[in-house]
Each structure stands twice: as C-alpha cells, then as structure tokens.
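Respectively, the protein sequence lines represent chains A and B.
Going by this note's numbering, the first sequence opens with residue 3, and the numbers climb by one from there.
Going by this note's numbering, the second sequence opens with residue 4, and the numbers climb by one from there.
If you're looking for bench data, these hints aren't it; they were derived computationally from the structure.
Be careful, since some hints might not be right.
Claimed, not checked - Straight-line distance between alpha carbons at most 25 Å, and here's what the computed DSS-like set of lysine-lysine pairs gives:
hint	chain 1	residue 1	chain 2	residue 2
1	B	Lys59	A	Lys73
2	A	Lys5	B	Lys97
3	A	Lys55	B	Lys97
4	A	Lys57	A	Lys73
5	B	Lys73	B	Lys59
6	B	Lys97	B	Lys39
7	A	Lys57	B	Lys59
8	A	Lys72	B	Lys97
9	B	Lys39	A	Lys5
10	A	Lys59	A	Lys73
11	A	Lys59	B	Lys97
12	A	Lys57	A	Lys20
To be verified - Per the computed footprint, the stretches of chain B lying under chain A, defined by three or more beta-carbons under 8 Å from a beta-carbon of chain A, are:
hint	region
13	68 to 77
14	93 to 106
Don't be surprised by glycine CBs; every beta carbon is placed ideally from N, CA and C.
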Amino acid sequence: DVKVTQSSRYLVKRTGEKVFLECVQDMDHENMFWYRQDPGLGLRLIYFSYDVKMKEKGDIPEGYSVSREKKERFSLILESASTNQTSMYLCASSFGPPGEQYFGPGTRLTVT
Amino acid sequence: GEDVEQSLFLSVREGDSSVINCTYTDSSSTYLYWYKQEPGAGLQLLTYIFSNMDMKQDQRLTVLLNKKDKHLSLRIADTQTGDSAIYFCAESRKRFGAGTRLTVKP
Chain A
3 DVKVTQSSRY LVKRTGEKVF LECVQDMDHE NMFWYRQDPG LGLRLIYFSY DVKMKEKGDI
63 PEGYSVSREK KERFSLILES ASTNQTSMYL CASSFGPPGE QYFGPGTRLT VT
Chain B
4 GEDVEQSLFL SVREGDSSVI NCTYTDSSST YLYWYKQEPG AGLQLLTYIF SNMDMKQDQR
64 LTVLLNKKDK HLSLRIADTQ TGDSAIYFCA ESRKRFGAGT RLTVKP
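Excised from the complex, chain A in its bound form (with noise of 0.2 Å):
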C-alpha cells in the first residue's frame, strides 16, 4: 500500500517560531512537492524537489524554505512563522509526469 505520511495532523505555534513540517513517502519516488491549501484558492505549490539536494520554487516561496537530504523525505521549513502561514500543508510525491501523484494526509498549521 503506497503511503505518503506527514509527521503531524494539527500543529499550533506562536508567531516567530521556527517550524519543521516532515513528509515521508515509501515509492522510491524522485519527485516531492510540497503545496499549501486555503478555500477559495485552492492548492498553491511552494516548493517542489526533483531529485536529492535538487529543489525548484513554486509560486508561493517567500517565508518557506525545503531540505531533501534523502530521497524519501522532504521536509517544509517556516524560518519565522507569521499568522498568514495558517493553512493546511499537503506533501505529495510522484514519478516523472504524468504518473500517479500521491498525496498525504496533511498537516493543518495555525500560527497565534
């Protein structure tokens, strides 16, 4: 069974923490993004990885930055949370397109 996990369902911090967002997927696959989704805008890609150390910006970047050292994670770094990075976080992995694309659970962030 294919799985993308993300390390937390429900995360809570205070304005100007540092906050690490973890995704794992067990495909062996070289494509990992990472998209934030509000209603009414649906999904937004921040950060898109292609392959170990290898990473892309997507059209939300400023206030996020990624770290792939293996394949299988990638994980979403808010430097300096701010209370407009409320949202849900969703981590998704696939092969080269136009594949499967699978996405996890999701990891819904609220910044006080």
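Given the coordinates of chain A, work out where chain B should sit on it, guided by the hints.
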C-alpha cells in the same frame, strides 16, 4: 499572470451527468489533471490528459480538452452521492484551480 479558473459550486441530482469546467492560461502545459478531494480526506488523482489529445474516457469519466480555447472539462456520467467532493483541475501539477464543490442530491 498565469491562472487556472473553475466555478466554485455545482449541484446535480443522482443519476444525472455532471460537467465541471476549467480554464487555464499556460499553453505550454504538457499534461492537465483532475483531482478529487473527499471530505476529511487527502487529494487523489482522478485522471489526466496529454495536451495533444482532445478527449479521454475512463469508465464514467470523460475529459474534454479544447486547446485553442484553453478549456478543460470533466464529465461524470450517472453521478452518484459518493461522487460528492471537491474537484480540482491543474496544469502541470504546479498550478491548481480553486476547486469545484460538487453536491449530488438523492
């Protein structure tokens, strides 16, 4: 800027066909995708179409692509209550629409 647009709501009766429409702006997209998100669940890829095709059928799902007008549609035949969900279209996995909430009434 580049954008993917879709209407936010659609309501149909069980057994009817549903048609969800989407427009996009990036003509260089190689693949276009449809995803489904059920309440409390993650996204799942429903189907995709290669940009040089104009139609793809997969069981109850039919995807139509009008590349000239940059218009994509998803038709669900014989819609069931289990099809109630939010449907997202996307170009290239990098740009998604806001999602269409499909409600199927018995």
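Right, here's what the structure says about each hint:
1. B:Lys59 <-> A:Lys73: violated, 33 Å
2. A:Lys5 <-> B:Lys97: The given pair, whose Cα atoms are some 21 Å apart, holds under the 25 Å limit.
3. A:Lys55 <-> B:Lys97: Holds, at about 19 Å.
4. A:Lys57 <-> A:Lys73: holds, 12 Å
5. B:Lys73 <-> B:Lys59: Distance ~16 Å between lysine 73 of chain B and lysine 59 of chain B Cα, so the pair holds.
6. B:Lys97 <-> B:Lys39: It holds: about 16 Å lies between the C-alpha atoms, which stays within 25 Å.
7. A:Lys57 <-> B:Lys59: violated, 32 Å
8. A:Lys72 <-> B:Lys97: holds, 22 Å
9. B:Lys39 <-> A:Lys5: Distance ~17 Å between lysine 39 of chain B and lysine 5 of chain A Cα, so the pair holds.
10. A:Lys59 <-> A:Lys73: holds, 18 Å
11. A:Lys59 <-> B:Lys97: At roughly 10 Å apart (the allowed maximum being 25 Å), lysine 97 of chain B and lysine 59 of chain A satisfy the hint.
12. A:Lys57 <-> A:Lys20: Given that 25 Å is the threshold and the Cα spacing comes to 20 Å, the pair holds.
13. 68 to 77: The restraint on the region 68 to 77 of chain B is violated, since only 0 of its residues have a Cβ under 8 Å from chain A and three are required.
14. 93 to 106: Satisfied; 9 residues make the cut.
In summary, the numbered hints that this structure violates are 1, 7, 13.
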